[in-house]
Amino acid sequence: MTVLTSQAAMTAGDAGHPLDPELREGRIPHIWCPGCGIGSVMQAFLEAVDTFQLERNRLAVVSGIGCTGRVAGYLKADSFHTTHGRPIPFATGLKLARPELHVNVLSGDGDLAAIGGNHLIHAARRNIDLNVVCINNFNYGMTGGQVGPTTPLGAKTTTSPFGCHEHPFNLVDLVASCGAVYVARWLSMDVRRLRRSIEESFSKTGFTFIEVLAPCPVNFGRRNQLDEAAQGRMLVERSEIRNGADTREVAIPDEGPIVCGKFVDHERPSYLQLLEGLRARLQEHST
Amino acid sequence: MTVDSSTETLSLSVAITGSGGSGAITCGLILLEAVAAAGLYGLMSRSLGPQIRGGESAAMLRIAREPIDCLDDRFDLLIGLDWLNLERFADELPLVPDSLIVTDTGKGRLPDCLLASRAEVLALPVKQLADEITGGRSNMVALGIAAFLCGLDLNSLLVVTRRQLADKGEKTSEASALCVARGFRAVQNRARLFRPYPAEDKPPLWNISGNEACGLGGLRGGIRFVAAYPITPASDMLEWLSPRLEEVGGSLLQAEDELASVNMLIGASFGGVPAMTATSGPGLSLMAEGLGLAVASETPLVVINVTRGGPSTGIPTKSEQSDLNLAVFGMHGDAPHLVLAPLSIRDCAFTTEWAVRLAEALQTVAIVLTDQFLGQNRGITDPAHSAKFELRRKTGLQNEDGYRRYAIAEDGLSSMGIPGMPECIYTADGLEHDEQGVPSNLTSDHPAQLAKRLHKLTCFDYGPHWLEIQGEGDVCLLTWGSTAAAVFEAARRLRTQRIDTRVIALRLLAPLQREALRDLLRPAMRILVVELNHQAQCFHYLHAQQVLPEDAGSLARPGPIPWRPGEIVNQVLESQDR
Ligand code: SF4
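Heads up: the sequence lines are chains X and B, in that order. Residues in the first sequence are numbered from 88 upward in steps of one, following our numbering. Residues in the second sequence are numbered from 55 upward in steps of one, following our numbering.
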């Protein structure tokens, strides 16, 4: 397994990093903390763009607000950093305006599933042609580690100092039940599988969703006796790959195995395909 | 001094009321179409109960030989298909002693509120006449009655009736035609209440609602993407736009909420496609955050806000001009943008087309404030032609030394990169940024970008369209948006009473053309700001912008009933007496 953290990626020596040309030089160094999982997800994404040979002028990256939200700004691509929770509707408008673009949303769990939750389920229902990568760090990192819709029961955060007493979302099941055509979950350290999965999602037509579990040592780990590398180690130790598992059975438990893998990969007419079909029917009617 | 000034206008006002399912609105719509066919101008307002669907309704029409854009102070003719729940409308149906009420002999006694007007009452067996025809309906008999009294021709009325009911099947349309003829003949022995000109040779008039006109203006401006969440009284604009956008290769997406719709617009517009939405107060409130993003990222978009009575759910089916504060000040931070307001149903097309072009050229948000009165009422108007503005969005690489999305330029306008232009890749951002678009909290960048976004709006030459002026005089009535029509008519009446009145109707509310407006107001002895909201929002806005003299007065009252011209005349006369 390739384990390459963002820090490693950015300090690869004077020769620079192989992905340097994909990044906006002026923006680096990035804002992420040491040990944060977001950098390696960005790396996996960029590698996927490369191996998939996605033309740069057909790539658009949209993100929201939060630690992950900063991704859009670091990439050399047409990108938009929306307000909190709104990358999916923004991306929807962009995709409809420019169907030839490959529109990607990279954002966090708070952005996509809390304040933007309504957009997430409706985008999956519409099967709008977007690739979403949701980085789940179990809390609101950017604002100092507050409880969120993915915080495990009992976990301590700045706004749940006695332990979280709310049930978290099972994001993959939520999105699968709304109709996404590709749903997977990976660890941020598993860059190789993550990259392949992102590549695979690029080839799908419709709404794809990849949840990436990422350590947030500074805000989440520290408050839950998972200092520095401990949270990452914990995730790796507990993770278990079960491709094709029923999403209803892969809620992240308080203890025991955290199931990763590709859960959904099927076909269903996408929003744009249905729209094209409608237009063809109208055309036929009028001639 | 109070006078009944309405006698000066050469128009006739007719109301048809009935409980849910009685067909009062259908009757009004066909009558309006017949008015158009006769080459007359007209306006039809409909009043529905607060429940939006079902329940009692009233069709309120005004017909005239000259263009008209507002209802009169009183109704000359009221036809009741029944009188159930009439009290709910009584306020909206002012009658005078020389009005005529037509009542159905089979539908019981007239409500006291009508009798109090001392109007003449004509009792006719309306339902009985309808029942004698298989499939006959009272509302079609009423249509015949109304049409005769309006001075319309029977043959062309029958043509219009059959055409309007064609999709209901042959049987229904024939039965309806028979009823219409019966109603027409039932009152033939009476004097007509209105005499139209013999129709002259002029291009056919349009029968259009303000919501449709806004949609049309949007398409003409170049709108090819609409995302919206349904809301009364804006939804019919979406219904009109949906098939027409398809025809021109655009599309409409019904969003999950207004947070989504405004952000979808930003996405489409960032992608290079002009985008617009339609909403009403509660929706505009939800959009405020997204509008701020569009302002900060300089992404053009247009919002048509069809204002209804507020705050909160308020009165969804009634008009008010109470979203001005929200439209002008609703965003957080310093977020300069455009606010416009059409002055009539017909003007909805022009103002919206202009708003789209301005938003595109100035890379900002334009909020167009119409209201339920303009939006849902239908007018018979002169055709509204496209203004064909030259204004365009500036795109692509403009300077050789590399792309700077937010470069500071003399006119504040920098060039927008569109995805797929490899030489102008950038990140658009709601975060404050430098000229490149890189997030920045430097003390130099924030003021410079704030100034850029303000300056591009304030230094732009808006030409003559920012207002309409009529007349000269010591009295100046300053107004905006849909109230303008009643104010124009009030001023005409005041002039016939030798009170020289100037009307200034603002079409562009933000940025306010302060210097020019101050110059125009300087000669006036008495200034009154007329608007339809409780807290005199425009009056206070103009004061805050220091365009009004100390002694300017305010004529502000809330909805649900729009200003009527006679009411304004009386207020002006009273203020003179003081
Ligand atoms: S707060 Fe957490 S998620 Fe945010 S950058 Fe730091 S480690 Fe990463």
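Any given hint could turn out to be false.
Chain B is faced by these chain X residues, among others (derived, beta-carbon under 7 angstroms) [what the hints assert, rightly or not]:
id : residue
1  : A159
2  : F167
3  : G204
4  : H206
Listed next, the in silico BS3-like pairs over lysine-lysine satisfying Cα-Cα at most 30 angstroms (straight line) [stated by the list, open to error]:
id : chain 1 : residue 1 : chain 2 : residue 2
5  : B       : K442      : B       : K506
6  : B       : K161      : B       : K225
7  : B       : K448      : X       : K163
8  : B       : K506      : X       : K163
9  : B       : K256      : B       : K225
10 : B       : K256      : B       : K181
Rather than coming from a laboratory, the hints here were simulated on the basis of the structure. Since we're looking at a predicted model, the values are computed, not measured. Here a beta-carbon is modelled for each residue, glycine too, at the ideal position from N, C-alpha and C.
Run through the hints listed earlier and report the numbers of any the structure violates, in increasing order.
When the structure is compared with the hints, numbers 3, 9, 10 turn out to be violated.
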